[in-house]
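FYI, in UniProt numbering the residues of the sequence shown are 1 to 245.
Incorrect hints may have been included.
As the list claims (entries may be wrong) - In silico DMTMM-like links for lysine to aspartate or glutamate, alpha-carbon gap of 25 Å or less:
#1 K64 - E202
#2 K230 - E220
#3 K159 - D72
#4 K179 - D123
As the list claims (entries may be wrong) - Derived CB-CB ranges, DEER-like:
#5 Q57 - E202: 52 to 62 Å
#6 V138 - V192: 15 to 25 Å
#7 E170 - V192: 48 to 58 Å
#8 V215 - Y139: 51 to 61 Å
Calculated directly from the structure, the hints in this document are not laboratory data. From a predicted model like this one, the values you see are computed outputs, not experimental measurements. Where a beta carbon is used, it is the ideal one built from N, C-alpha and C, also for glycine.
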Amino acid sequence: MGWLWKTPSKEGESQTPPPASSGLPDSGLPSAQTAHASTPSSSAQADQPPTLTREEQADAEWKKLIASLEGDISQKSHDQQRSTPETPFLDTTSSSSNPHSPPNSIAPDSLYPDTMSCRSAFDYAFFCQSFGGQFVNVYRYGELRSCSEHWSNFWLCMKTRTWGDERRKEAIRDHYRKKAIKYKTGPSSEDVWDVRTESIGECFNGDFAALEREVKAAEEAAAAAAASQKAAAASATAEASSASS
């Protein structure tokens, strides 16, 4: 037990320390070599990706979608911070960055927004698809409502994310232009009836003025007949009263 503390060596003894015993028998060396040989196979098994279930794949895709949305939002905020002027007296903001500012152009297309938030569009669509969103629709409109319009807004925003600025703005303006044409006077009949794409024939072709004259003559004849019947009934009543007296 002299190796636990340091003692001066005696004269005549060798200064070379004894070889440290490993404390393992000689039979342990082959097992160590076997373990070392089995290491590549275990590492190869670890390199193989685990098989994911359908639920795990859906969760992974959902996380990728959320990460892409968050990256888009952070990139937009970073771009806005970089485009913010250092001097407050220089107004270089455009109408797209501030929707409440007056547009620089007086063209009709400038009335429609040219920006769209994918996060807001997804929130609207997801809430409409939920139980709470349909409860709000029943409370407001008295019936369940379709969420296809909200989802179309979201997928349009996702589709135009990688487009150029001008092309993206034009696509968003065209989307809002079509929506304004459809709902500018209230709900459209296309929500109930399908759009007619084929001609219905010659049922509405003809002389509408002559038809109107015929209808008017028929109404006058019916009124004259009713008046004559009323006069005949009155005369018959008068004759009956005179005969009884």
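So, going through the hints one by one against the coordinates:
1. Between the alpha carbons of K64 and E202 the distance comes to roughly 57 Å, so the proposed pair goes past 25 Å and is violated.
2. The straight-line distance between the Cα atoms of K230 and E220 is roughly 15 Å, inside the 25 Å bound, and the hint therefore holds.
3. A distance of roughly 13 Å separates the Cα atoms of K159 and D72; the hinted pair therefore holds under the 25 Å criterion.
4. Distance hint between K179 and D123 is fulfilled; the C-alpha atoms sit about 20 Å from each other, no more than 25 Å.
5. Range check, Q57 to E202: about 58 Å between beta-carbon atoms, so the 52 to 62 Å window is met.
6. Restraint check, V138 to V192: a C-beta distance of roughly 18 Å satisfies the suggested window 15 to 25 Å.
7. Under the hint 48 to 58 Å, the C-beta atoms of E170 and V192, about 31 Å apart, miss the expected range.
8. Hint check: V215 to Y139, Cβ distance near 46 Å, so the stated range 51 to 61 Å is violated.
Consistency note: the structure conflicts with the earlier hints numbered 1, 7, 8.
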